Each structure stands twice: as structure tokens, then as C-alpha cells.
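Residue numbers (the working numbering), protein chains in the order written: chain H, 1 to 178; chain F, 179 to 637.
In case anyone wonders, no lab produced these hints; they're calculated from the structure.
It should be emphasised that the depicted structure is a prediction, and the values quoted were computed from it without experimental measurement.
Backbone N, C-alpha and C define an ideal beta-carbon position, used for all residues, glycine too.
Partial chain H-side listing against chain F, Cβ under 8 Å, derived: (1) Val-20; (2) Asp-44; (3) Ala-79; (4) Asn-82; (5) Gly-111; (6) Asn-122; (7) Pro-127; (8) Lys-142.
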Amino acid sequence: MKTVPIYGMMAEFDSAKDLVVAARRTHGAGYKKIDAYSPFPVEDLADAIGFHKNGVPLVTLIGAIIGGLTGYLLQYWVAVVNYPVNIGGRPYHSWPAFIIITFELTVLFGGISAVFGMLALNGLPMPYHPVFNVERFAMASKDRFFLIIFSSDPKYDPAGTRQFLEGLTPRSVSEVPS
Amino acid sequence: MADHLEEVTVANKRSPVIEPGHTFASVTDKISSIVLTRPTSLGWFAGFGFTFLLTMMLLFALSYLFVKGVGIWGINIPIGWGFAIVNFVWWIGIGHAGTLISAILLLLRQSWRNSINRFAEAMTLFAVACAGIFPGVHTGRPWLDYWMFPYPNTMQYWPQFRSPLMWDVFAVSTYFTISLLFWFMGLIPDFGTLRDRAENKYARIIYGMLSMGWRGSARHWHRYESAYLLLAGLATPLVLSVHTVVSFDFAIAIVPGWHTTIFPPYFVAGAIYSGFAMVLMLAIPIRKIYGLEDFITDRHLQNSAKVMLATGWIVAYGYAIEAFMGWYGGNRYDATLLWNRLHGPYAFWYMSLLSCNILIPQFLWIRKLRNSPFWLFVLSSVILTGMWLERFVIIVVSLSRDFLNSSWGMYYPTKWDWMTFIGTIGMFLAAMFLFVRILPMISIFEMRTLLPEAEVKHQ
Chain H
1 MKTVPIYGMM AEFDSAKDLV VAARRTHGAG YKKIDAYSPF PVEDLADAIG FHKNGVPLVT
61 LIGAIIGGLT GYLLQYWVAV VNYPVNIGGR PYHSWPAFII ITFELTVLFG GISAVFGMLA
121 LNGLPMPYHP VFNVERFAMA SKDRFFLIIF SSDPKYDPAG TRQFLEGLTP RSVSEVPS
Chain F
179 MADHLEEVTV ANKRSPVIEP GHTFASVTDK ISSIVLTRPT SLGWFAGFGF TFLLTMMLLF
239 ALSYLFVKGV GIWGINIPIG WGFAIVNFVW WIGIGHAGTL ISAILLLLRQ SWRNSINRFA
299 EAMTLFAVAC AGIFPGVHTG RPWLDYWMFP YPNTMQYWPQ FRSPLMWDVF AVSTYFTISL
359 LFWFMGLIPD FGTLRDRAEN KYARIIYGML SMGWRGSARH WHRYESAYLL LAGLATPLVL
419 SVHTVVSFDF AIAIVPGWHT TIFPPYFVAG AIYSGFAMVL MLAIPIRKIY GLEDFITDRH
479 LQNSAKVMLA TGWIVAYGYA IEAFMGWYGG NRYDATLLWN RLHGPYAFWY MSLLSCNILI
539 PQFLWIRKLR NSPFWLFVLS SVILTGMWLE RFVIIVVSLS RDFLNSSWGM YYPTKWDWMT
599 FIGTIGMFLA AMFLFVRILP MISIFEMRTL LPEAEVKHQ
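Just chain F, same shape as in the assembly (with noise of 0.2 Å):
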């Protein structure tokens, strides 16, 4: 069985998606021990501790925001979405590589991402909870926020359907169900693995009780299959359709640099663009500290490291387009946007995102730096921050100088709009501790099934 993934390994010059001499007790003690036996250390305390302080900054704000209202932001006419939106856009676009690797990996039965699809759906889950916090506060009156669904009310007032917030209401809401429910979902066996596993009674109690009693029977396993293939078929339209809807709520407006048929398919590239910079930044400490290089290997890194120098070309083919349309396109408005962010006063912005997200990221060609863990860290890092600044730009430059000079303006963000944005990376990150140490971080029933010896030949 060794033979045979280093038979594959030398044929294919690259690294295998788990390394050779793993059995299925191995793989399945590999992974459940770090949840069940292994001491926590104090790394995960110190780190767990310093993130749940973030997360308590991220209340306070929200708390005196709840208080004082949305005034306590630099937001203000002209420049209505500030960081509320900007953050909001940045974390659902992160949480879109999970479900890319979840659902489309799976339908194209690319079996290495069942090594990282796991924690991948995990920070789907998590991105997507700190964004939908973003446009629940913006709304001034939170408390409210429920009027947004559609519900029998003694107002006997109906949401208005054709408005693309509507849209991203039941999008965003879709997602985040259908993303729980396939990770939930992914989880019951490897629930059932770790409640036969743990010595501690109470562990055992409710990981059985989370189990639902699974017992791995055939007709289950047929169903359960069906079933996981037909949720990723839907999660694959449905995640393009999330970042598109968000697109529209930009391309429907007629501001200047929103108003464009480009959105949606650059929205969704730059979407998977930055999730899989967080896969990166979230895989390389994870498999250093757990030991995991046996399964998340340097195959796992160059791939994904892969998938960023392309959808980061799409992402460039979407600026080329909007400033070309900017030239070309003889709406002196539209060339008025192209020069204000090439000459404006958000220039150095413009140039920053250019170089984060276009310019930096062309290091991925040298395959030295892709077999680098900590060059892929660091550019990853890159990407997110440019992909942090490409909403930035779309959103303040644009609505900074619109059509009449006289409703011209700048945007200045408070202390409160960074302790919200830095509370919710805190937030993400204290889930992202919790979920490594109570949680199964890889799919260990998947991890069986790339074995070579699940595979059953015919007879």
C-alpha cells in the first residue's frame, strides 16, 4: 500500500496528498487524539485568551454603538458605507473558499481537499457569522433588524423584493444555513469515531448525543453519500450566487465604480481569491503546531497557492476591464472615477491594492515560493490586506466624489470603526481556537477513504 502512493508520488513529481505507512487507525488516532487525549497547552490558552479579549473589545464597541448609534462612526453623507460594508464584503468573500473547497472540489472529485475541507467549511461558518454582524449594526436600529424578513405583521407593511438588499438578506442567511448544515452534517460520523474513542464520560455524552447514533451502517453510508452530494450541488450555485448578490447591491446603484456588468463574476473571483489566502494563513500554523504535514502535505499548499495566482488573474482582468471602460467608455463620469483613484486623494490606496493584490501576488510563479510554507504565509497575508483595500476602494472612493462637486466629501474612520473591524478578526480567530481543540479539524472519515485500502476492486 506504500508502494503504491510512492509509485503515484514519483509519476506525478509532486508531493502526495497524505504521506505513505498511514493506516486506518493511525489516521483516526491522528485526529482524534488532538481533541480527545493530547494536553491543551498553553499556546492554545495564551492564544485562545488574547482572541477572547478581542472578542469582548468587539462587544464593547458594538455595546456603545447600540447606545450612541451609528454617529460614532466616520460614517456620514456622502460616504454612507464605511467600514460596516467594507468588513461586511471582506468576510463573506473569505468564507467563499470554504464552500469552494467543500462542495465544487467535491463534485470534481479532487480528493485531496478532503484533508482540508473540514476546517476550510469551519471558516466558512465563522467568516460569514463575523460579516452578517456588519450590516445588523449599520442599520442604526438593530433591535429592528427582524422587519427585514418577510413576516405577517400588524404594520401590515411587506419587504420591498426588487431591492438587492432584500436579495442579500435571504442570500447571506441561505449561505450560512446551508454552510452549517454541510459542516454539521460532515461531522456525524467523525462524532460517532470520537464518541467511541473518549475515556471521559461526559465527552462521551455529548459527543454521542451530537452523533445522533450514528453507527455506520451501509444503507446509512449510500443515503448519507446521496444526500452529501446533493447539498454540494446546491452549495455550488449558491456560492456564486452569495458574492454576485452582494456584487448587486453595488451594480444596481448608478454611483460611478458600482454601476458595472463586471461585478458579479470579479466579486466571485476575488471572493475565492482571498479565502483561499485565509486557508493558507489558517493551515500553515495549524499543521506546524498539530503536526499534521502527513496529511495536510506541500501538495495541499501548492495547490491552493495555485488557485490564488488564477483567480488573482481574474481579479487583475476585472480592474483592467473597469479602467479600460473607464477610458473607453466616454461616460465622463466613469473617466472622472479612474482618475480620481489613479490622481485622487485615496491614490496611495488605489496603488497599494494594486500592488497587494496584483503586482506581489506574481511571486506565486516561483515554484520555490510556493514550496515555501512561510512565503505562502506571508503572501497571503499580502492578498488579504489587498483584498481588504480592493472593497475599500470600491465602496469610499466611490461614493467620495459622485456626480455634483458641491456633495464631495472624505471619509475618516474612528477608533470604533477599528476596535468593530478588530473585535470581529478577534472573534473569528477565538472560534477558530475553540473549534481546533473541541472538534475534529479534519474530516477523519474522508481521510479513510483516500487510504488505498478502501478501495474495494471488482471481482
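Bound-form chain H, shown alone (with noise of 0.2 Å):
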């Protein structure tokens, strides 16, 4: 039989306290490559595994500028250069009535670049994912929490982490195949 790689090793807690206090100690005694699952966001966590970094707001900036220029600058070339329609005497270039499809975009294109920029950096959609092997993380969805330390982490051994993450008082431990 071939031996299936493992992808990491999990731990399940039963509240959200006792999961942001294992993560703490975890990525206090060094851990650096872990992660933590819950069924709704929860305060500190993700500063509890030492993820501070977000590229969500980037992404939505850099989006809702793109959207206000792409506004502006279509209407100023349709008005002015491409298809000038003289209304009433007004000017070719009269800003203040292209304010508002320039705002419609902005936020058109923000709130595009926010869903899909998040759902990019979570690297979603993914169909396989080897911590679903794990029967018991069913229950991350309801009302479980758990912790995994992946294999990758320089620190990981797979009986040491195993008793670390005993240490941990958790409800139970279990190896995650990949």
C-alpha cells in the first residue's frame, strides 16, 4: 500500500476562547505554518496565528480608482472627442453631469475588486481541500474549532507535534492525510 502524505496535524476545540488560546501558545512555541477554522469569524484569531496582513482594502482602492477613471474619462471622450452633441449650449466638457455614472462605477468596480479580490486571496474556489478528509471537520461548519499545524512547518515531527497539540487540552487530535 502506498503511504498517503500528510498534510498536517488538527486539533478540535469546543469554543472560540479555548481555540484563540491554543493558537496563541502554538504560534508562541514557534509554530509558524498554522491555521485555525471556526463557523464564524472570530475576534483575534487571525492575529492569534500571526496574520496581520490583508490585501483586501488594496485591492477594493486600486479597484474604485480604476472604476472613477474608467467613468470619467469614457464620458469625457464620448462628450468631447468622439460624438460632441451640442445640448442646449452647454459645454462639450460639462463635468458636474458626469459626476454621478463616474460614482456609479467607482463603486461598481470597488465592490467587484472587494468580492473577487477576497475571494482570489483565499485562493476560492477550491474544490479539494485536504482538511475536509478529516471526517469530525464537518463540524467546523456548526459549532467546532480547530487548529492545524501543517506538515510543512520546519518544526513539524509528526509525534511531537501530536503531543504539543495534546498539551493543548483539546476535544481531540487527529492527522490530516493530503
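Take the two lone chains, each set in its own frame, and fit them into one complex as the hints suggest.
Here it is in C-alpha cells:
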């Protein structure tokens, strides 16, 4: 039989508080390649696993700026350069009339960038992921909290890491096949 | 944990946002079981069947319209904007409450919104979809509607960006897109929950695909929350802009009764007013039928009633200023319009509008009525009628008598007008029926955050 490569070691906790405490201790113990899973956004959890930077605001800002420029320049080019129409003697570059569509496209591009940027940075959609090989992980979308140490972590060794996780008093510890 | 909630309740002397005694598991099971395990009732089939028939009536009316043209409607010169635009403005206004609840109340940290935002957003989407039909078919040649979008074409023409009707195209299509994104994004973690709970193989596959492999990683939640807040921040000015732009369709024109600067705020307030009325008309039966009184508590109904009372007064202020300016402004056409509204052929409808939107909603001051779902339902239906009449009065009464006596006229809707209008109500309700059956109508993950166990105190 072929041996399945191991993706990591996973511990299960009962409450958000336990998970945050365990995540802090794990990160403090020198494990850097870790992740935590919860059924709702838990305050401080990203901080506990050492994840601080988040690219979504920047992506959204860039999207919004591109949207605003697209909106204004499109109207300018159409109304002044390509298709100038004299409407009651108003100037071709009648900028106050262009503000609304500029604003709408700013919001449209910004919003699309926020959602699709979030999905892309999260690597979603992802039809297969090793964590789902653990049967109990189905509870992560209900009322259980999970912490994983990836096997790619330099400090990872099957026996030692299991012992470390058991020291955090979890509900269960399981190996995650990839 | 139950004690904690009870203490809060006693301290505030108000109903709680979520009834005490719930856990992560009970919240999850209660909401997901409606979709996954609860047998579909006969009532659901009857309701969906009936509203589906109304949708078919809409399709029939629209098909006949495409064959014959807009002549089958009651519109003619001088009243070229009849039911189609009345219904458009009414529907799009209804949608506004959904965005207000999901975006503005999120930014204001009104966590009570967590149990009503999902179906309020669904309401927004379906209402905007109904609204979008009307200007589309009102153009007369709806198969050429894509001409409204700027794209390079062999006719070498471009849309006229100085026209408020073009602004409307951009505002409404942006609004629909952003509302859809907001709604879908909120659903992703809940799709994950349904995927993990579903017994049926196909349900699991479909929810699994929709969840995009969501696994609740802390990194993902972190980015998710940023994106959610940013989207709320973008949707907030957007929702205020949409009805502002709709009001520009009127305010930029010179017709007496349209050409007024108070329109944008007064339209936005009216939109939220009617939207909350629709939220209540949907929430009250839904929570009763599906036994969701624990999640959509009396507190939600009371808060919505208070929002209606507040926005109702802004609308009343709008009417008062319109009348005052008609008298004080010294413009004889504005004065004539005021006289027309009060004594002209449509006086009955203007009086009905004032009763429905200003007089009768004052019953909301009475705490007993605010606490009674039955009376809230009745008052909400009155407000929705009133807001429809408001758009009717603004559009039809203003157009019926403009500057020249020779171009005065009356408007009589035909059966096709009514079939189209009632058909969109059917389409809206049919979509709601489908929504409560196949998607979690309350945001499961946001409900979990309302529970006291969700809090992580600093050590």
C-alpha cells in the first residue's frame, strides 16, 4: 500500500476562546505554518496565528480608482472627443453631469474588486482541500473550532507535534492526510 | 450565558435580539433544517403555485406588449409615463430597505440586523429585478435596450451622458450588481454549513459548489470581514444615490411638480419607508409559519416600526415643503399644481395618499400597536399602498396638467397595465417562496456571532 503524504496535524476545540488561547500558544511555541478554523469570524484569531496583513483593502482601492477613472474618461472621451453633441449650448466638457456615472462606476468596480479580490486572495473556489478528509471537520461549519499545524512547518514532526497539540487539552487530535 | 442575555433584556426592558437558551448548534440546526429536512408543506406549494401563475400572467402581458407595442397601455400624450414608471419607482424604493439593513446598520453596529438582513437582501434583489422590467419594456422596443449601454457600435453613436435617464441605467444596474454580490458573499459561509449538513447527495454537491470550498479558515475570515465591511461602505452611499438618481429623472425636467430640489432626500426617505413596510409584511408571516420567533423577535418588529415612523415624518415634511413652496414660491404653475392636487380630478388619490402615508401611520406611536404583529402587518400594507399612490400622484397628476390648457389630459390604466403590475407582485412573491425553500433565510454565521459564547475576552 502506498503511504499517503500527511498534510498536517489537527486539534479540535469546544469554544472560540479555547481556540484563540491554543492558537496563541502554538504560534508562541514557534510553529509558524498554522491555521485555525471556526464557524464564524472570531475576533483576535487571525492575530493569534500571526496573520496581520490583508490585501483586500488595497485591491478594493485600486478597483475603485480604476472604476472612477473609467467612468470619467469614458464620458469625457465620448462627450468631448468622439461624439460631441451641442445640448442647449452647454459646454462639451460639462463635468457636473458626469459625476454620477463616475461615482456609480467607482462603487461598481470597487465592490466587484472587494468580493472577487477576497475570493482570489483566499484561493477560492477550491473544490478539494485536505482538511475535509478529517470526518469531524464537518463540525467546523457548526459549533466546533479547529487548529492545524501544517506538515510543511520546519518544526513539524509527527510524534512531537501530536504531543504538543495534546498538551493544549483539545477534544481530539487527528492527522490530516492530503 | 442565558443569564447574560436575560440581564440585558431586563436592563433594556425590551425584547432580546435572540431568545435566550440558544447555542451554536441549535441556531445552525434550526435555520438549516428549514432548507434541508423540513418537509415542504402543502401551503408552500399552494402559495408558490398561485404566485407562479401570476408570474405567467406577467409573461403573457409582456408577450402581448412585445407583439402590439405600448399602445395597449393607458399611456398617451400628455401622460407618457404611466404605470410602468410608477411601478418602477415603487419597486426600486422597496429594495432600499434591504441595503439599509444589510449595509448601513452593519456600519452602525446594529447587531439586531443579523437575523433579518439575509431575507431583506433577497427582497432587495427581487424588488430591483421587478423594477428593472418596467423601464426596459417602457422603451417601446425592448429588444434594442442594449443601446442604452455605451459600447462601440457600427452606428457610430454613443449614449447621452448628460441625461438623467442614462444616470438611471448606471445607478440601477450598479445597484443590482452590488446587491447581488453582497447577498452572495453573505451566503458563502452558510453554503458551507449546508454542504456539511446535507444528507442528499445532489444537495451536497450543489451547496458545495456554491460554497466554493469555504472552510472557515482564520485567514479567510479576516479577508472576508474586510471585504464585507468595504462592500457595506460602498453600498451605503450607493443606496442613497440610487433613489437620488431616480428622483433626478423628475427633478431635472421642468414639469411643475417634478422640478424641485427637495426630491432626492424625500425620495430616499420614502424608499426606506416603503422598504421597511415590505420587510414587515414578509417577516411577520415568515416568522410565524417557520417558527422563527426566537430569531426575529418582537424587538425587530418594534425597531422596524420606529424606522417607519421616522422616515414617514421625513416624507410628511417633503409633502409639506412641496405644498408650502407651491403657495409661497410665487410660481403660478406650481400654485396651479397644488390646487390641482387638492381640487382637480385626482384629488381623491391625493387625499388617499395623505391618509395612507401620513395620517394612518401615526398609529405607530401607540406602543400596543407596535407590539402587535397583526396591526403592524395592516399598517405596513397601508404604507405600501400609500407609497404607490405617492408615485402615481407625482407622475400622473403632474403630467396631466402642465403649462398649456390645450395639452391637458387624463390617464386611464388598461387591464394590461394592471396585469403587468400584479404580475410583478406575483414574480416577487414566487421568488421569495423559492428563496425560503432553498436558501437559509437567516444568516447562520452572523446569528452565531450574536451568542454570548462567541465573544473572546482578552485575557
